[in-house]
Amino acid sequence: MSRALEAYLAQVGSGLKGLTRRRRLTVVRELEAHLLDEAEARGISSESAMAAMLDEKEHPILLAEEIACGEGQDANHRGGTALAAGMIIGIATGAHMWFEGWRWYIALAFAASQGLAVGAGYFWARRHWLRLPGWGRLGMAVLITSLLSIPLGFTTHHGFRPTRLFYGAFTGYLLERHSQERPLWQTLLEPAAFTAFMFFLETVLLGRIHFAWWKVPLELSFNATILLSVMVASRFRRLLAERRVLTPQEQG
Amino acid sequence: MDRELLKGSTPLLLLSLLCEGPMYGYQIIETVRQRTGGTYTLKEGALYPALHKLEATEFITSYWETQENGRERRYYSIQPAGQAFLVAKKQEWNQFVNMVQAFVEPKA
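From first to last, the protein sequence lines are chains S and H.
Numbering-wise, the first sequence is residues 1 to 252 according to this note's numbering.
Numbering-wise, the second sequence is residues 1 to 108 according to this note's numbering.
Don't read these hints as lab results, they were simulated from the structure.
Since the model is a prediction, treat every value here as computed from it, not as a measurement.
Note that beta-carbon positions come from the ideal geometry of N, C-alpha and C, so glycine has one too.
Accuracy of the hints is not assured; some may be wrong.
Said to hold, decoys possible - Below 16 Å or equal to it, Euclidean Cα-Cα: the simulated EDC-like pairs (lysine to aspartate or glutamate) are:
(1) H/K90 - S/E242
(2) S/K215 - S/E100
(3) S/K57 - S/E100
(4) H/K43 - S/E32
(5) H/K89 - S/E6
Unchecked claim - Sample of chain S residues lacking proximity to chain H, with all beta carbon distances greater than 12 Å (derived):
(6) A41
(7) K57
(8) E58
(9) A68
(10) C69
(11) N76
(12) M87
(13) A95
(14) E100
(15) W104
(16) R126
(17) G134
(18) T163
(19) V204
(20) L240
Produce the complete structure using the sequences and hints provided.
Here's what the structure looks like:
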């Protein structure tokens, strides 16, 4: 690598305050690729020509400040919106359980697990599988939220109940599906289908509960609450993203 | 060109470009320069924070690709959320342009 370029990048790297080491290396690597692309396009091969090209650029410390300022705001946005959107889901489902008559500490534990682990965890991790095709994203969302929902299994009066994990997986499924606009009939069908699946699982396969018609609206309304909270959380997060994108960059 | 007029429009400009396909940083700067006949030049200090902001909001995503010469490039590509946002903002932009046009160059 050119010495001038090396020195320029070193200055940028040292000016990237507040970034993790990994993020700093990524930013510098990206800038290096950019400058080498430009040098190649301009036919620059000598050290002096490279130094002249870098002289035309912004001062490395100023460039680092501009990038670092945005990075901090991006990290705050990512973490803050994930937490807020996750809590919408947690509060809605926990409140529903409480109204159904569950003990307050069970409802609270469900709300915390569903909101902090499943909801916020999904929103936080989603960027890592964004490049996958549609079915891959859906599979990853269901897999990750199933794992994140392990604490949900303990939100019962009878120790760990694995079927609770399906609520987390269903939440992940809905979150991924509702990251884009969807037909109304699918939106309405999904909680009904999941309700039928849960009854089949609990009554036919596991034989854990006895089927009774009065239980259907309870289960259906709970799954509808998950759906509604997912839709509200996704919309809320999109609104914040739009606001963030349209806000001009502020200098730190 | 007055930079104040361009404030806030860089993300829309970037999303519009990425709608045409994945692009890397230098390619974006060159495309903007060519399309505006050199009247608007994006600096690295404006481009990368804008790209990273769009990535943080999941409107775009990025990936590294190794070229034949062994060098790497970071490509950015638009996501469905970014496309939906762009469609909505294009409508608003057209309304805004028509509104300003009605005052700046009123039809007789």
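**Request:** Hints the structure violates: just list their numbers, smallest first.
**Result:** Hint check: 3, 5, 6, 7, 8, 9, 10, 11, 16, 17, 20 fail, others pass.
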